[in-house]
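Protein sequence lines correspond, in order, to chains H and R. For the first sequence, full-length UniProt numbering assigns the number 1 to the initial residue and increments by one for each residue that follows. For the second sequence, full-length UniProt numbering assigns the number 1 to the initial residue and increments by one for each residue that follows.
Quick caveat, the hints were computed from the structure, so don't treat them as lab data. Quick caveat: nothing in here was measured; it's all calculated off a predicted structure. In this text, a Cβ means the ideal position worked out from N, Cα and C, and glycines have one as well. Check each hint, because a few of them may be wrong.
Claimed, not checked - Covered, in the sense of this in silico footprint (three residues per stretch, anywhere, with C-beta under 8 angstroms from a C-beta of chain H), are these stretches of chain R: (1) 81-93; (2) 109-118.
Unchecked claim - Which chain H residues face chain R? A few, computed with CB under 7 angstroms, are given here: (3) M1; (4) D34; (5) H44; (6) G70; (7) A71.
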Amino acid sequence: MRDLYRRLALSPNADDAALREALARCPNSALRRDAEATLSIPAHRERFDVLHATVSDVGQLRARLGLVHGAHWQGDVANDFSPPPDSVRSRHDALFARLDEAVTLYNRWQRLRGPWLLIAIAVLAAGVGLVLGLALGLRLPAP
Amino acid sequence: MPAAPFSAFERILLQSRSPVDSAVLLLLAWVLAHRQHVSEGQRRRRLAQVSADFRHGHTLSPVMQIAREANLDAIQLAAEIVRAKCSAKRCLGILHQAIAVATDDGELSLANHYILRFLADLLSVAPMTFTALFLQLTGQALKAPDDPSQERYWRRLDPAKYYAKYYAHKAEEEARAQRERAESDAAKAREKRQQEQAKAQEREEQRRREEQQRRDEEQARRRSSHQSRDHRRQEQSRPAPDRTTRALAVLGLTPGVSKQEVRQAYRRLAQSNHPDRFYAASEHQVALASARFQRIKSAYDYLMQTL
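With the rest of the complex left out, here is chain R (with noise of 0.2 angstroms):
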């Protein structure tokens, strides 16, 4: 059983004369707090004007409060109980107020757009009705909302001012990139240095030892001629070609594995590392699984050629 003590929106519906009125009441407030460019006085006004034949007997603003603060349990309450209780025609009819009430000045905010179209699905109705009733309401025809999330909403709604502050904002990464290039080139060059000291020294040691596994195999070919023959085969027929090793290591698999374990294992990891899985995730998640998927797909082709 759940022990949460009653919310507000609960019991302002439990004290109301009419608990459809005050869901509905919630919804256009919701709606009108998404307005743009309107003072509170404005909205509380515009909110008691269009429910002035509601009877659901109970002040507005603690309304206005839940739906200022988008409480959404409380909206999710209000949208069930209108969508269980509302006949068609009184759907129809919360539409028309919503977008009534969204729409005063002719231009419909972001937000409201998609909460529009969310009340549209809420109280099924067809995206053609919809438009319909918008363009009869407004005069002008739905479009389809403005997208902030691309770079060309942000040129066109203030083009000086966003190229200002696009190259201040780019000079000023420009100028960090650099810093940090100069930085890294300057640990780079120390790095250079250290790397030939090193190989040089790697060098030396290399002859050395060269120069004493010689002395030695020099001593067993001496000792017993056909014994060192039997060895350089043994060498020979090692399975030491790296690449198969890194090869078969991607697919998860030990070498002496037949053709049939590389394929099985192959479509295996191709299903689970497949780009297309990613496409829900992010872009990011997508970059990833589809270098995992080319170095799996790239370590199968090795394999089948070399098998």
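One chain only, chain H, in its complex shape (with noise of 0.2 angstroms):
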């Protein structure tokens, strides 16, 4: 299978018009037939389009885990659904580091979480006291 939005050089989601334009200046008619046959026909584009979003998905997939160059991933696919590698890290090795991220949050809260509280306390009371004073203030007459 051939990506013809990208033989086409139009973007998946391209319009009516846009897709014409494409077919008129598309040089090779074998290509041209093909595109006509396949995108033209509202049906028929309609299943090529979610056939292209898995088939784009594997290519995804496999270029981010390194299987571009598969023994079953080969010809026009592998040629024209293959994504350049992006810089996604492994989604293995980031659910491990946001996991140590979160037990040191915890280890942390549960060691300091005594200082913490009387902290927190200390402030609570201090801003009582603050607007306490400050209502007081207020209400008393000015001498």
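Both chains are sitting in their own frames, so use the hints and assemble them into the complex.
Next up, the structure:
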């Protein structure tokens, strides 16, 4: 399977006008015939789009997992649906990094819970005192 | 440090009694989600059946939901876990299950053709083993997937309907093209008339200018004969041939360069505009590049002959 959108230099959600223009300027008559049969009939295009999305997903996964040169990924499909490698790191490593961070935060909270509570109570008391003082100051008439 | 929240599948993995089984479950659910002509309930029952001896210990519906959304991050995570934690024997077992789940009715959907091959690559199962396994399980040889990017596929799928639709579409296109052609013809005719008028005016002006020039030249010749001879010689030695300048401009050069420099410029431009460089981009890009390449090549050939 070929990526007709890529070969016509179109975006997958291009509208009919853009498609017609791309077909008109396409110099390869065989490709133009295939693209006309596939993309310019709405029912066909819908089915092609569904498959296109799935195969693009597979290509993306292969690129991220380092499988773009697999034995089962050859020919037109491999040529058209292998995106360049992006900077997404291993999901497994990312999960464990996040778990590690969560564990560190939790442990730190457990260790410093006492001092943090004391500080919080002190700040709360100071705030309440300030508010009360202000209220009293406003209530009393100036001498 | 990544600050994203834990996704649904990550929470499932953390709660699961066996993360590997949960990951395999997601991959199988992904295959099932791309099976056609099956209801949601049938999918759920099939998944429950195939995962009878799994030890994941959570419900299936969140996993099926993730698979239906085709959440790439979750599937990538599952694939990484399966690749890291499964032995070769287990890998073959997983592929066995995936093929069984994908082809209960003997028909493999197009999407599953690509997904199963992806799983085979992921689980490092060789093509020979994969086709043998497929033949053994389904009783049919694994064929290359049909290609819906070709006209042939749609013609074979439903010939009568295809031709009817195709011809209706063609007729519509032709009608539109004819209308456009008629419009452009009219526009062209109008333009031609205008051009003719402009040309007539121009001719008149040129005649006047030539007369003026002749008169000037005669005056100049009368004034001094050898001065005018000098002038004419200068005009002859001027580097006027227009095509050479244009060819040089194509190569990005200015008049007065040597053959060596022309060759260097040609090599550089030919390398950066060669159509083979754009093979992966699109056919349109390839066509543009080959037009550029042709222009550069003909400019170079011309300069090599004349310089």
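Hints and how they fare:
{"no.": "1", "hint": "81-93", "result": "holds (count 3)"}
{"no.": "2", "hint": "109-118", "result": "holds (count 6)"}
{"no.": "3", "hint": "M1", "result": "holds (5 angstroms)"}
{"no.": "4", "hint": "D34", "result": "holds (5 angstroms)"}
{"no.": "5", "hint": "H44", "result": "holds (6 angstroms)"}
{"no.": "6", "hint": "G70", "result": "holds (3 angstroms)"}
{"no.": "7", "hint": "A71", "result": "holds (5 angstroms)"}
In terms of the numbered hints stated before, the structure departs from none.
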